[in-house]
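One letter stands for each residue in the lines below.
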Amino acid sequence: MNPTFTMVLCAVALGLPTVGFLVNVLTAGRLPRRVVTILGPGLVLGSFVATLLLLVELLSQPPAHRGITIFFWQWLNLSVGSAGGAVGHAGFNANFTVRIDPLAVLMMLVITGIGGLIHVYSVGYMAEDPGYNRFFAYMNLFITSMLLLVMSENLIFLIIGWSMVAFASYALIAFWYQRPAAVTAGRKAFITQVIGDVGLVLGSFLIFLNLRGSNGQLLHTVDLQTIFANVGPGPHFHNGLGLLGGGMVTVIGILLFVGAAAKSAQWPLHTWLPDAMEGPTPVSALIHAATMVTAGVYLIARFHPVFQQAPIAAGIVAAVGIGTALMAAIIGCSQFDIKRVIAYSTMSQIGLMIFAVGVGAYSAGMFQFFTHACFKALLFLAAGNVIHALQDEQDIRSMGGLSTRMKLTFAAFLVGSLALAGIPLFAGWFSKEELLSSGLALGPAVPWLWVLGVAVNVLTSFYIFRVVWLAFGGQPVTSGAAAAHEARPVMLIPVLVLAFLAAVVGFLNIDFFGFHPVTVFSSFLQPVLGTPAAHASDGIQALALVVGTLLSLTGLALAWGVYGRKAISPGLISQRLPWLYQLSLRKFYWDEIYTATLVRPTLACAGVVRRAIEPHIFDGLVDGVQEGVTTLAEDLRTMQTGFFRDYALIFFVCAVIGLVVLGLRLA
Amino acid sequence: MTVIFGIAAVLAFLGAVGVVVSRRTIYSALSLVANMVALAVLFLLLDAQFLAAVQIIVYAGAVMVLFVFIIALLAPGAEERLRPLELRVLVGGIAAIAFTAVIGRLALNGITVTAAGAFHGGFGPFSPQAVDAHGQVQTLGEQLFTTFLLPFEVTSLLLLVAAVGAVYLSRHRRTTR
Amino acid sequence: MTGLFPGFLILSAAMFALGALGVMLRRNPLVVFMSIELMLNAGNLALITYARYTHTMAGQVFALIVIAVAASEVVVGLALITGVYRSGRRLDIDALSEMRE
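Chains as they are written, first to last, in numbering that gives the first Met the number 0: chain R, 0 to 666; chain D, 0 to 176; chain X, 0 to 100.
Just so you know, the hints here were simulated from the structure itself, not pulled from any lab data. Note that the coordinates shown come from a computational prediction; the quantities given were computed from them, not determined experimentally. Heads up, some of the hints might be wrong.
Unchecked claim - Selected chain X positions facing chain D (in silico; Cβ < 8 Å):
(1) P5
(2) I9
(3) A67
To be verified - Computed footprint of chain D on chain X, listed as stretches where at least three residues anywhere in the stretch have a Cβ under 8 Å from a Cβ of chain D:
(4) 10 to 24
(5) 33 to 39
Idealized CB from N, CA, C, for every residue including glycine.
Sequences are here, hints too, so could you generate the full structure?
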């Protein structure tokens, strides 16, 4: 690969959205709308073109050589006494270094490609919004941050990108800042992200302090390739802690997972995702379907050498992933806001991805990420069409009959639902079944995680087709629904493009038991992610495939039964198993738990500080200084009597004092 | 010698006290005159004959006469109410006593009394001529017109300025009344 | 006369201190002036004492000039006080103070 050309492409890919953000900000949002309309999406699509060229570059190499590290510029070089202080390697070097390999390019394609489509969609969705310019500025910033995160070879810049993403997400969630709910949601998202940041940063610190090279000396490096090259089997991590059986590596793995969990909205840091639906729908599509929430999956996949050395941490990752997937799927069955259903669906699907990278099926997890980006963004944008057409109505109980009024959107939404539910031949089926079967093969000997995973299949089909029937089927419930009409082209075309992708991309990787005719995807990622270690026998895998597919179809049938044919009452669960219904409706009470255990005590402490400590101690200190000075000044002022005699007295007394001191020294 | 010193010193001291303490202004002036006369005696004891004369003629004879005239003109029977128990009296008194004590201690310890004359204008130590000539008019005049010519001239200028100033300050200003 | 040297200095110091007290404690400007004269005289005494005991003439010359200066100062000062009296103000240092802020 030509390094110079690659360098230019990287600069273009990362630089275009940055330029967009800067131009928008520096003109104080006063650019004319037409300019922003062209600039906002245009720059991202330009970035996508650059990324495609990078892909071509990459593919022009034989698989073993698909990876290049490009050093851009030395920002901070504090390497002390390390191996010659060579730039980009040992020592604390915060250098802007970029790594272009299949994993990075995959992420970049999704970010810029689907991101670009969403930008185009936003031109229509946000057309009447007064904050139009601000929206595109933040969206460009988000794309920049995400690109920085995935392109970065240097741990410091990865963390920088990570944090910038958190900020951009806050800015976009709280976009309609006059709404208190939106601001609260933005804050919640940001605070949760910061907790995750702590995990990531602490993990990075531990890596920096403890990684040893092959000859045992401490490396003190923040360069990812160097880190991964030296994390092999053997005592390469200083086994300082001795806890949890795996020592330092396990701790690092858990800390990194804390960061990933916050970004990917996994338990226990999941509470921000549903609230984040306060943001505009394109934001939900971009951030909460295609990119930000997948940053956690990316992190674990990227750091897989570390997790391979820490089976306990990886096990925790897998368990948390499956647990969250199941919990979110249960909650999604009872929600009435269309965006919330899709949000919980995201949480659930990400949980499956986390499960995949937890058991070691990295390629399968990334494939699921890829297909999920397509169909989840599709679902969000189609839902956005519906919301827009119904004058911002989001409750599915107030919809109905849209299949005839918004034909194309309905078709797209249906394709997305089929993909999500894992119905055969749609994208989700391929990725999800590959994922689950890998989970069966690579997971613990007793496949209880797999069992939970296929249970999720049922619920997934059920909740999404519930939405399909309630929102699109039957007759319109309200006059608003009756008056709905199809969306404008600028909002419709991205949706249709995504629908096409959702139908088609599954065929990039067909990998079940002995039958894997198409492995484009996994072989593309193989140089980075390797091949999964074990495989179950073909028979078991075939059985798993059948079971998984059947369960997805069961869910679909259930939804049809309850909402399509109305043969089964929707209130069945709520009457027979009220506790289950309540758990689902109340989101397993996690918000309430956190409020009681974390939020209230913090607010109480803050209240104490505000009422008692601050007025008396801090204000007292500051005011006290002021009062002291004022009093002193007023007292000193009385010395200025204006009387000549007083001044003469003072002169004389001071002269005498001086004389006495002098005299005592001389005598 | 010591007796004369003793009497003169006591008189000078009492005169000084009288200046500060007297209720009536004219009594203060007269105390000051007494002080100056005693001082002239002390100057004689110190071999400063010319200066003793000058002290009497100029200081006691001219300056104090001027003072007395002004007192007579302005406030002949002026009495001031003294308030002895103010804070400033206490502080001032302590300072004054401290001052005197320090100087006394230093003097009694014999600081900086060098027999050799460090200044120019000295004859040299202890020759009989030197001892005799010290304080004579010729000696003083010689120094005044040679070594200390510049201060002498400047002082004469100062006296001129003072005279002009006094005339100017005391003229009647009919226009401003 | 070496034995009397401290006595002269102590007397000079005492006169100076008394003069300072007069300046600080009395309100009549004329008395204040006279106290200043007292202080000048004290200084003269010290000067002449030292002249005697170092056998130099500088002290006496300086004392002569001090007398001349004191005379001129008295002249001008009394003219000022006369002016104050004529403009109707009270002869009280405290009342004449315009330095109060």
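Each hint, compared with the structure:
no., hint, result
1, P5, "4 Å, holds"
2, I9, "5 Å, holds"
3, A67, "5 Å, holds"
4, 10 to 24, "holds (count 14)"
5, 33 to 39, "holds (count 4)"
Of the hints listed earlier, there is not a single one the structure fails to meet.
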